[in-house]
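Could you build all of it, start to finish, from the sequences and the hints given here?
Single-letter residue listing:
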Amino acid sequence: MSQANIALGAHQSGAMEPSPFSIPSKKLAMWLFIISDAMTFAACLVAYGFLRNSTPNWPTPFHGITNVAIMTFILVTSSLTMLIGMRAARAGDKGKAFRWILMTAALGILFGLLHLREWSQLIEEGMTIFKNPWGTGLFGSAFYSITGLHLFHVTCGVIALIVVGFRYQGGRYNADDIEVLGLYWHFVDLVWMFVVPFIYLLNLSH
Amino acid sequence: MSTNDQASGLGRYLVVYVCILAIAGLQFVVAYHSASYSEMFVRMFLLAMLEAALGVLFFMHLWSEKRALLIFVSIFVLFVLATLQYSWPDAFRIVGGVPYSSYH
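Chains as they are written, first to last, in my numbering: chain A, 1 to 206; chain B, 1 to 104.
I should point out that these hints are in silico values taken from the structure, not numbers from a laboratory. Careful, some of the hints might be misleading.
[Said to hold, decoys possible] Keeping only pairs whose Cα atoms sit at most 30 Å apart, straight-line, the calculated DSSO-like set for lysine-lysine is:
hint, chain 1, residue 1, chain 2, residue 2
1, B, Lys-66, A, Lys-26
2, A, Lys-26, A, Lys-131
3, A, Lys-96, A, Lys-26
4, B, Lys-66, A, Lys-131
5, A, Lys-27, B, Lys-66
[What the hints assert, rightly or not] Pairwise CB distance ranges (calculated):
hint, chain 1, residue 1, chain 2, residue 2, range
6, B, Ser-34, A, Gly-171, 55 to 61 Å
7, B, Phe-92, A, Arg-172, 50 to 56 Å
8, B, Arg-67, A, Ala-69, 34 to 40 Å
Note that this is a predicted model, so its numbers are computed, not measured. Every residue gets a Cβ at the ideal spot worked out from N, C-alpha and C, and that includes glycine.
Set out below in structure tokens:
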């Protein structure tokens, strides 16, 4: 056996190594990304909690919960539509999967628009990154950075949904890619479940 | 997604979806209860953890993956979440500690 054949044999045996946790490598990569991103959000929320706890005149500017309740409903529902799209992709129904993925993207866009509307209302009331009329200026910087980071994730998710959806429709991507994207979208939904109570509900003015 | 998930139909996801919405609704109810900040925080945190657990296990299918992946993800996330808690004593010291307290 020549050196070239030995090298080829070694390479092939390496390629046959079972994937960790018996999942595709791109799915594992997404899980690793989700773990690291969860740490990012956790660090932001703990830093927020530190500021909230150590600042005496922390403002409680939110008067109602209607807007944030609608936003929560939209985001949780978008997770369900993503699941339906993913199941359709697994079943090989491309048209249905594509429609549900676009529906998920539309819900994401709606969520983003509601978020921007809320931001503009707060800015009109005088809340900026550095100051607000109710108390410490730290509140604005904490609020905009955490909700902004989440909105950035939603925006990236919407773009990814549209791109992957069209490429899946065109035959370049498969159901595995939809599932990997679904993991990301559900994660964005999960983060919101922590942002709502800590940033909004604990800052309600009673 | 495993073949078991395929076979189980959409019903299970609908149940999880309704549960998550219900828990989110409960958080909004808790927000209007007259309780101290720390009590409210604990209640909301526990509810958020429950929502997240349902989402991770069923929407993200971690429950139907190999147990090794579940353990891998749990250990990493819980370890980092635990180590992030080191800052709380300092946060309390700033508020209530002497001589740095802003209340005396």
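### Query
Hint by hint, which ones does the structure fall short of?
As far as the earlier hints go, 2 and 4 are violated by this structure, in ascending order.
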